[in-house]
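> As given, the protein sequences belong to chains A and B, one line each in that order.
Residues 0 to 402 (numbering that gives the first Met the number 0) are what the first sequence spells out, left to right.
Residues 0 to 402 (numbering that gives the first Met the number 0) are what the second sequence spells out, left to right.
Be careful, since some hints might not be right.
Pairs count within a copy or across copies, as identical chains cannot be separated in the list.
Derived lysine-lysine pairs resembling DSS-like cross-links, with alpha carbons at most 30 Å apart [unchecked claim]:
#1 Lys218 x Lys245
#2 Lys85 x Lys99
#3 Lys228 x Lys99
#4 Lys218 x Lys347
#5 Lys347 x Lys71
#6 Lys228 x Lys218
These are calculated hints, taken from the structure and not from any lab test.
Spelled out from the first residue to the last, the chains are:
Number of protein chains: 2
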Amino acid sequence: MTVYQATASAPVNIACIKYWGKRDTALILPTNSSLSVTLSQDHLRSTTSSRADASFEQGDRLWLNGKEEEIKAGGRTATCLAALRKWRKEVEDRDSSEPKLSEWPLRIASYNNFPTAAGLASSASGLAALVASVSQLYALPQSASELSLIARQGSGSACRSLFGGFVAWRMGERDDGSDSLAEQVATREHWPNMHALICVVSDAKKGTSSTSGMQLTVKTSTLLEHRIKHVVPQRMEEIERAIAAKDFDSFARITMKDSNSFHAVCLDTEPPIFYLNDVSRAIIAVIEELNRASIANGNGYIAAYTFDAGPNAVIYALEETMPVVVNAINEFFPQNQTFPDPFKMLNKDVTRPQGFNGAVVREGGWEKGAVSRLIHTTVGDGPRRLGDEESLLNEAGVPKTLA
Amino acid sequence: MTVYQATASAPVNIACIKYWGKRDTALILPTNSSLSVTLSQDHLRSTTSSRADASFEQGDRLWLNGKEEEIKAGGRTATCLAALRKWRKEVEDRDSSEPKLSEWPLRIASYNNFPTAAGLASSASGLAALVASVSQLYALPQSASELSLIARQGSGSACRSLFGGFVAWRMGERDDGSDSLAEQVATREHWPNMHALICVVSDAKKGTSSTSGMQLTVKTSTLLEHRIKHVVPQRMEEIERAIAAKDFDSFARITMKDSNSFHAVCLDTEPPIFYLNDVSRAIIAVIEELNRASIANGNGYIAAYTFDAGPNAVIYALEETMPVVVNAINEFFPQNQTFPDPFKMLNKDVTRPQGFNGAVVREGGWEKGAVSRLIHTTVGDGPRRLGDEESLLNEAGVPKTLA
Chain A
0 MTVYQATASA PVNIACIKYW GKRDTALILP TNSSLSVTLS QDHLRSTTSS
50 RADASFEQGD RLWLNGKEEE IKAGGRTATC LAALRKWRKE VEDRDSSEPK
100 LSEWPLRIAS YNNFPTAAGL ASSASGLAAL VASVSQLYAL PQSASELSLI
150 ARQGSGSACR SLFGGFVAWR MGERDDGSDS LAEQVATREH WPNMHALICV
200 VSDAKKGTSS TSGMQLTVKT STLLEHRIKH VVPQRMEEIE RAIAAKDFDS
250 FARITMKDSN SFHAVCLDTE PPIFYLNDVS RAIIAVIEEL NRASIANGNG
300 YIAAYTFDAG PNAVIYALEE TMPVVVNAIN EFFPQNQTFP DPFKMLNKDV
350 TRPQGFNGAV VREGGWEKGA VSRLIHTTVG DGPRRLGDEE SLLNEAGVPK
400 TLA
Chain B
0 MTVYQATASA PVNIACIKYW GKRDTALILP TNSSLSVTLS QDHLRSTTSS
50 RADASFEQGD RLWLNGKEEE IKAGGRTATC LAALRKWRKE VEDRDSSEPK
100 LSEWPLRIAS YNNFPTAAGL ASSASGLAAL VASVSQLYAL PQSASELSLI
150 ARQGSGSACR SLFGGFVAWR MGERDDGSDS LAEQVATREH WPNMHALICV
200 VSDAKKGTSS TSGMQLTVKT STLLEHRIKH VVPQRMEEIE RAIAAKDFDS
250 FARITMKDSN SFHAVCLDTE PPIFYLNDVS RAIIAVIEEL NRASIANGNG
300 YIAAYTFDAG PNAVIYALEE TMPVVVNAIN EFFPQNQTFP DPFKMLNKDV
350 TRPQGFNGAV VREGGWEKGA VSRLIHTTVG DGPRRLGDEE SLLNEAGVPK
400 TLA
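The following block holds chain A by itself, in its conformation from the complex:
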């Protein structure tokens, strides 16, 4: 008896041009296009196994990190599965020898190799892994961009995790969302020395969720519309040109400007939304000062910070300049967890740009754990197809961790 199953992993992506605001909350159609860098699955990934079997009872079931989650009728997961089934049905209709997988219940197990506490957007990689896994199970002929239409409806920015490298989510124009999809702007091989350092910043208070926060901004900010209509379109063009030309200076400048613009419209929301805290501000100050001193010396930008809907910093730098960043951040923000330093950059013989003013950092330094951990990774590839030996499900269609 053939077992119909597939296991896929999908990457985390971190936006340089931020998605903030929906024009359609049901279809998840954004108010502006966005652009992200896909991070390597060697360090951060969601893995999802899916299995279809006519003998499964109780309909579809889903486990996230070993915990069963209800698949609510009309909910986002259900919407994605229905869309994937529709395309599977087309396969079956074209070739009657294909098994009727679209009619069988599914068992899906998903696992993130990074703690939720890390504050990284796990919904993007998780939804992307789900769509990748089920589309493989269903042997769908659709392209990654077409699949991104489905991932987008599960979790907006998930659509960007269906590609490696540098990825744009085109906002589209149509009311049905059929042109609101992701596409690759450049492969990781185009700019393989793009590195990313994630600084996990502790925050006592849970911030506003991005889902509710962005719609509050849409409703109340007097600056958002200007950002959407006049600022982001130009920035999208500029950063795509910067990526094509591997122009790190422009890439860094635009990335930082857009992060700040996004947090500015959050602040302009009623009531205001704050994601950056004093530690986030201190990380910004260090990166700005590294860049200032480097530029004053006639050199280029050293790094670019960007912040999503939380206090964690993601710092982009090229492999050549990342050692300066790693050592500065590690010194100024002693962590709770030992930094695994996968690229052996710690205590490397690096010199900060001449004229770097250490006074930008709080006197006496930050207390241990203000940054709880560092994750160093690089630009990475898109969803991977994994072998059955890596399946998260056992023969009964239950997560192995539970069996």
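Starting from the known structure of chain A, arrange chain B on it as the hints suggest.
Below, chain B alone, put in the same frame as chain A:
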């Protein structure tokens, strides 16, 4: 022998609609109109004595808080004095019996009754007191609005400290700045129960000065122009209507929105400017939650926060609701200095609005001194003419504190 001298005091003003950006840095012409509340001189004031004497040598001399300051040729103080002399000359030309004060050297001493460390804009009250004092010495016939043209060139927002109550600074249109002046929107008697609580917030780092910060925003922010052209003009109309109608709900809402809008364009600056820190954010959270709970109970806004170019909060509330604010801030932010509580609101029998969620405040509360002191005051009057017995200068034209 007649002694020609005058002593005046002038108030601090705190803007509800913020001034941020100059279209002419020499004349200090703003990119948008602004509106402020004048605070009572019973608590916060600058006092300035000026004296003209033909026998003074070495030209004009100025002391600020007992320390002599150079009056730089072409500098802002020199510009103000030259303009005042020009108007005095007109008085003398019209009436030849008038002594030729405009030709005599000046001795000026100014003193703030609040520490610079309080982080309150002392330049506004200081320049206003200087203009008020010299214009009294010179017996100028000009109106306060006309004098505001001169104060504006000394320190932009000083023009608003020439009136009591509620004051607008009209940005004007002319290139020579002759229509960029302050005018009173409402007297303090119109809305005398308007109170203000200043929370002096400690900040380890000195922020960007407002003079350099605002021009960096003008140069680099992609959101400022929209704020200037499309957001502020409407807000000015709305807040003036709110003040006319003594509509605190609208006053509070607009004040908070504009403070956040101002800090949003600061964040949108390259490199970003941060004035709010975690303590500022926590004060915002408390006020927002007090308002939320009160509104949920079918009542109105309790208070409004506003922040200038620093972490200090100024909280506006009517006398009736201020006790709730004073007691909440005092409890959540224990200070270094004992709060003098001039209006006897501490430990008054007040109840927070039902449903107030204390979880908005950091668990365990804030460490003592995160807010170093509280200053409670009210809306106040414009510059005061003081008697010679309050002069800061001795007979030799030297500050009494130095003699």
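> Confirm or reject each hint.
Against the structure, the hints come out as follows:
Taking the shortest Cα distances, Lys218 and Lys245 sit within 30 Å of each other only across copies (27 Å), while inside one copy they are farther apart (37 Å). Taking CA atoms no more than 30 Å apart as the test, Lys85 paired with Lys99 passes inside one copy only; the shortest distance there is 12 Å, against 95 Å between copies. With identical chains, the CA atoms of Lys228 and Lys99 are never at most 30 Å apart, being 46 Å at best within one copy and 61 Å at best between copies. In this assembly of identical chains, the alpha carbons of Lys218 and Lys347 never lie at most 30 Å apart, being 49 Å within a copy and 38 Å across copies at closest.
Proximity of Lys347 and Lys71 under a CA criterion of 30 Å is satisfied in neither setting, with 51 Å inside one chain copy and 51 Å between copies. Within a single copy, Lys228 and Lys218 get their C-alpha atoms as close as 16 Å, and across copies as close as 20 Å, so both meet the 30 Å cut-off.
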